[in-house]
Amino acid sequence: MKTCLVVDDSSVVRKIARRILEGLEFAVTEAEDGSKALEICQQQLPDAVLLDWNMPVMDGFEFMGHMRRLPGGDQPKVVFCTTENNVAHIAQALSGGANEYIMKPFDKDIIADKFAEVGLLPVGQAMV
Amino acid sequence: MTPTEYEYLRKFLKDNSGLDLSADKQYLIESRLLPLARKAGLSGINDLVQKLQGGSRELITNVIEAMTTNETFFFRDKVPFDHFRETIMPEVIKARAGRRSVRIWCAAGSTGQEPYSLAMCLKEMGAALTGWRVEIIATDLSQEVLEKAKAGIYSQFEVQRGLPIQMLMKYFKQTGETWQINPELRAMIQHRQLNLLHDFAQLGTFDVIFCRNVLIYFDQDTKINIFNRLARQIEPDGFMVLGAAETVVGLTDTFRPIPEKRGLYKPNDPRTAAAKPALAGAAPRLAVMAGR
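Residue numbers (this note's numbering), protein chains in the order written: chain A, 172 to 299; chain B, 124 to 415.
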């Protein structure tokens, strides 16, 4: 089973994302900020990170920079999932090593499409 | 909705658009037509049926449009676009190296996601098509849908379905909450209103025809008729792409599936295909529909 770390300071968003991702057969772990997410990644890297941008303690962009520098940290697919929905933020995320980018609000179809896009789901599954 | 009302709508849609609903599509009618009825100030389906029987021209158009508009998103199903990049275009580029032009028809272009996806694929090919004349003709039954396709403006939801983020950044411009496809790509596409039941010979011949997820709504005779007319609009070495749930097999010999390439077809030599019985039978039906 593939693993996904959901990083968001909103417990509601984490809960919705968990439900969607479990429906897509991911094993889900959660973190409420970048710092906690980094601790998890130092133990074990997930296959994917669904990553909010604005969070207390450490934001998503800073977390991604730290995670990418861990041994094997280039492997996880990072999918941003944020209300920062402008070109400048998207460009910054992509040049900082993000694989995909979701502009909130999101739904199951968008998550499935984007995870298929980074190669973590077969294409057909995104169509269900 | 009473069974009589349902039967009326079924027949109405069949006669006016070729849409062939099975006996159990009440939910589809309700989900598409109730909002429309309310918008028109009607109380429900029964009111709507009465208005249709009264011959309200505007309402007739709206009902057909509401029932024949499909969900669509960028690079829908992926596979057809892989075929386009990896099989179709390399062969077309070789075969048309002399005249350096390619004509593509999206026969159910809908709100533009399919033709624009093809346009993006072509742009990504870069130098291989430098100096080529590329024509993409996108047709749809619905004028409202065509207007949206022409504008090329999509909601945040729409640009997140099927479109890789790099493509969004490269080919769209953000305007507030919406995203508009670049003028350069918009200029690659001609949008035209067209009912596939009617004659489309005036469009000319094409190297590539995308005809996805529209024939599923037609009955068998209509499908055969459309396939046979599509065969006349395609170059002998051209390609046709159908939707994932569609096939020509058992319907016509004018096209043959390409092995290992799901949804991809080539026209058969008309002299051999014409001898087969599958071609017969269809012509009188066309006369009936065209004469309506």
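Incorrect hints may appear among the rest.
[Said to hold, decoys possible] Think about it this way: if two alpha-carbon atoms lie no more than 30 Å apart in a straight line, the pair counts; the simulated DSS-like pairs of lysine-lysine are:
1. A:Lys173 / B:Lys162
2. A:Lys279 / B:Lys271
3. B:Lys162 / B:Lys137
4. A:Lys275 / A:Lys186
5. B:Lys137 / A:Lys279
6. A:Lys248 / B:Lys271
7. A:Lys275 / B:Lys137
Since the hints were made in silico from the structure, they are not lab data.
Taking the hints in turn, this is what the structure says about them:
In summary, the hint linking Lys173 (chain A) to Lys162 (chain B) is not supported, as the alpha carbons are separated by about 46 Å, beyond the 30 Å threshold. Our distance criterion of 30 Å between C-alpha atoms is met by Lys279 (chain A) and Lys271 (chain B), whose separation comes to about 25 Å. A hinted pair counts as satisfied when its Cα atoms are at most 30 Å apart, and Lys162 (chain B) with Lys137 (chain B) qualifies at roughly 24 Å. Proposed proximity of Lys275 (chain A) and Lys186 (chain A) is supported: the alpha carbons are some 15 Å apart, at most 30 Å.
For the hint pairing Lys137 (chain B) with Lys279 (chain A), the CA-to-CA distance comes to about 34 Å; that exceeds 30 Å, so the pair is violated. Distance hint between Lys248 (chain A) and Lys271 (chain B) is unfulfilled; the C-alpha atoms sit about 34 Å from each other, more than 30 Å. Distance check on the hinted pair: Lys275 (chain A) and Lys137 (chain B) sit about 41 Å apart at the alpha-carbon level, beyond 30 Å; violated.
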